[in-house]
Amino acid sequence: MFGKFLPRNFNFFNMFEKQVGYAQNAADYFKELAAKNEVNSEALGKMRNIEHQADNAAHDIIEQLNKTFITPFDREDIYDLAMELDDVVDMINTIASRMMIYKLKGQDKNLIKFAAVIQESVKSVVCAVKGMRNDKSRKTIAEACVEVNRLENVGDAMRDEVLAELFETEKDPIKVIKLKEIYQDAETVLDICEDVAHVIDSIMVKQA
Amino acid sequence: MFGKFLPRNFNFFNMFEKQVGYAQNAADYFKELAAKNEVNSEALGKMRNIEHQADNAAHDIIEQLNKTFITPFDREDIYDLAMELDDVVDMINTIASRMMIYKLKGQDKNLIKFAAVIQESVKSVVCAVKGMRNDKSRKTIAEACVEVNRLENVGDAMRDEVLAELFETEKDPIKVIKLKEIYQDAETVLDICEDVAHVIDSIMVKQA
Amino acid sequence: MFGKFLPRNFNFFNMFEKQVGYAQNAADYFKELAAKNEVNSEALGKMRNIEHQADNAAHDIIEQLNKTFITPFDREDIYDLAMELDDVVDMINTIASRMMIYKLKGQDKNLIKFAAVIQESVKSVVCAVKGMRNDKSRKTIAEACVEVNRLENVGDAMRDEVLAELFETEKDPIKVIKLKEIYQDAETVLDICEDVAHVIDSIMVKQA
Numbered sequence: 001m002f003g004k005f006l007p008r009n010f011n012f013f014n015m016f017e018k019q020v021g022y023a024q025n026a027a028d029y030f031k032e033l034a035a036k037n038e039v040n041s042e043a044l045g046k047m048r049n050i051e052h053q054a055d056n057a058a059h060d061i062i063e064q065l066n067k068t069f070i071t072p073f074d075r076e077d078i079y080d081l082a083m084e085l086d087d088v089v090d091m092i093n094t095i096a097s098r099m100m101i102y103k104l105k106g107q108d109k110n111l112i113k114f115a116a117v118i119q120e121s122v123k124s125v126v127c128a129v130k131g132m133r134n135d136k137s138r139k140t141i142a143e144a145c146v147e148v149n150r151l152e153n154v155g156d157a158m159r160d161e162v163l164a165e166l167f168e169t170e171k172d173p174i175k176v177i178k179l180k181e182i183y184q185d186a187e188t189v190l191d192i193c194e195d196v197a198h199v200i201d202s203i204m205v206k207q208a
Numbered sequence: 001m002f003g004k005f006l007p008r009n010f011n012f013f014n015m016f017e018k019q020v021g022y023a024q025n026a027a028d029y030f031k032e033l034a035a036k037n038e039v040n041s042e043a044l045g046k047m048r049n050i051e052h053q054a055d056n057a058a059h060d061i062i063e064q065l066n067k068t069f070i071t072p073f074d075r076e077d078i079y080d081l082a083m084e085l086d087d088v089v090d091m092i093n094t095i096a097s098r099m100m101i102y103k104l105k106g107q108d109k110n111l112i113k114f115a116a117v118i119q120e121s122v123k124s125v126v127c128a129v130k131g132m133r134n135d136k137s138r139k140t141i142a143e144a145c146v147e148v149n150r151l152e153n154v155g156d157a158m159r160d161e162v163l164a165e166l167f168e169t170e171k172d173p174i175k176v177i178k179l180k181e182i183y184q185d186a187e188t189v190l191d192i193c194e195d196v197a198h199v200i201d202s203i204m205v206k207q208a
Numbered sequence: 001m002f003g004k005f006l007p008r009n010f011n012f013f014n015m016f017e018k019q020v021g022y023a024q025n026a027a028d029y030f031k032e033l034a035a036k037n038e039v040n041s042e043a044l045g046k047m048r049n050i051e052h053q054a055d056n057a058a059h060d061i062i063e064q065l066n067k068t069f070i071t072p073f074d075r076e077d078i079y080d081l082a083m084e085l086d087d088v089v090d091m092i093n094t095i096a097s098r099m100m101i102y103k104l105k106g107q108d109k110n111l112i113k114f115a116a117v118i119q120e121s122v123k124s125v126v127c128a129v130k131g132m133r134n135d136k137s138r139k140t141i142a143e144a145c146v147e148v149n150r151l152e153n154v155g156d157a158m159r160d161e162v163l164a165e166l167f168e169t170e171k172d173p174i175k176v177i178k179l180k181e182i183y184q185d186a187e188t189v190l191d192i193c194e195d196v197a198h199v200i201d202s203i204m205v206k207q208a
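Top to bottom, those sequences are chains A, B and C.
Taking our numbering, the leading residue of the first sequence gets 1, the next gets one more, and so forth.
Taking our numbering, the leading residue of the second sequence gets 1, the next gets one more, and so forth.
Taking our numbering, the leading residue of the third sequence gets 1, the next gets one more, and so forth.
Think of the hints as simulated: they come from the structure by calculation, not from any bench.
Be aware that a few hints might be false.
[What the hints assert, rightly or not] Simulated restraints on C-beta separations: (1) C:Glu-76 with A:Asp-90: 44 to 54 Å; (2) B:Asp-55 with A:Ala-35: 33 to 43 Å; (3) B:Asp-28 with C:Lys-136: 56 to 66 Å; (4) B:Asp-191 with C:Asn-11: 27 to 37 Å.
Keep in mind it's a predicted model, so treat the numbers as computed, not measured.
Glycine included, every Cβ here is placed at the ideal spot set by N, Cα and C.
Excised from the complex, chain A in its bound form:
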């Protein structure tokens, strides 16, 4: 929908697709980690590598933005989109890092559930981002954004439920501190995905 007017700026679409690909890698790998018995330094190293690549992708977009006079959509929206996508990966990486630092052992069924919802949400974010370069994707993008919003509500309810359960059943305060933070972080990933969807929504409305 934008591409045809601005052939020289097609690069932003490529760059965002590359960046959102790292978000997908992070979400996929996080689901693997949640199913493991623990996060060791090798596993964390792999996640950090994804985070590092995502960082570079965001950096490239900002650098390109600063050098480009005419952009396919609002400069600020480009900036916000790059930053929010970066935050998705950062937050997933933070959770993986905390799982190791807090020496969590054994599968946690709640975290596994969160990881599945995060993967779904990021999948819809990928779909929305990839749709942006295509004139005919308006409906697909809108549906993907609705799905991201729905999954944020699912995550909200899930967090409330698992925190209530945690405070009800876990008697070790240290364990409460650790898991409470990690569950809240997991829900935050879904919040950030929703922020991404809002930016994309707003880009679409302006281009209508």
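Given the structure of chain A, go ahead and fit chains B and C onto it with the hints provided.
Same frame as chain A, now just chains B and C:
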């Protein structure tokens, strides 16, 4: 002060008054909840309903903004004002939600005090927002913003005091975790009200 | 580099140098506090005084910005720079305040280490801000920003390490709650310094 130049855009003033009305409803109802012995699901449902209406009001403003070429003040300020007002209601709703999830029982005198300050602050925010459409309200708005800033300082001191007391007297670490978060959230509501006042201040300066 | 084109706006450089000076004062004084056995109300009063002056400096910049039509660089960048520098001082003040509220006694070797890294990072921020008015400082600014980024990574690793140690060795959950928050806050100061560096980086790229 702005109204007369931009009759077609009067709608933003109506929309912001509607939105800030939900912030007032949330603050008023939060004061009721703080005085109760517990937050049950019916009470929380009522708060969530307010939050949902506030969400729609914010959404309507952003949608209108995206469709409007000339706005009564900076687009970014309109966006920020809508987002910050939404954050006020979200944060109040989050506290109510935590009171239920954490199964807090019995009145908490500190939370009652916070709820009173929050209600005062939101009242001044309402006054500032309502003044925006009126040419003669400049002084009223400025005073309301000063009051919001003052109440944020009151809240800061209150949070410091109640946290010191909590760590001094409460020996159950699980209870410390719960109340610490809720007191800090309560103070955050006042921070967000101050952010609203800053946006309004900045709009006023630009229009001077 | 900017100064020669916009002599009338030189004031922003003076104002930012003044503001960043308070950040340096806060970081220097924080290092002193970390080395003491406790933060008493007199010591906290001194920090709050620095924070208050920094607040006024930020306020002056925003006021000037709102009154100035042509600015030496993007309005939004000026706004962001003032806000981020303010956040540096606020966060340092928050930590000092928590040290007193939580009645921390005795030197904490980890906090001393953090304070040293924070002081280094703020020193580089000062260097970058002061360089902005000078045509020949481009390389100095770039190096200072790289150093701020490096120190943020140092802080990340340090926080991970000290939190792992805290959860491993500290058996009192109340103490874990207090120190965990303070270590995370300390790392946040370095994050905010990195945000400052990003704003300055982005200003430099646009002016290239």
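Hints, verified against the model:
| no. | hint | in the structure |
| --- | --- | --- |
| 1 | C:Glu-76 with A:Asp-90: 44 to 54 Å | violated, 23 Å |
| 2 | B:Asp-55 with A:Ala-35: 33 to 43 Å | holds, 34 Å |
| 3 | B:Asp-28 with C:Lys-136: 56 to 66 Å | holds, 59 Å |
| 4 | B:Asp-191 with C:Asn-11: 27 to 37 Å | holds, 30 Å |
In summary, the structure is inconsistent with hint 1 from the numbered list given earlier, while agreeing with all the others.
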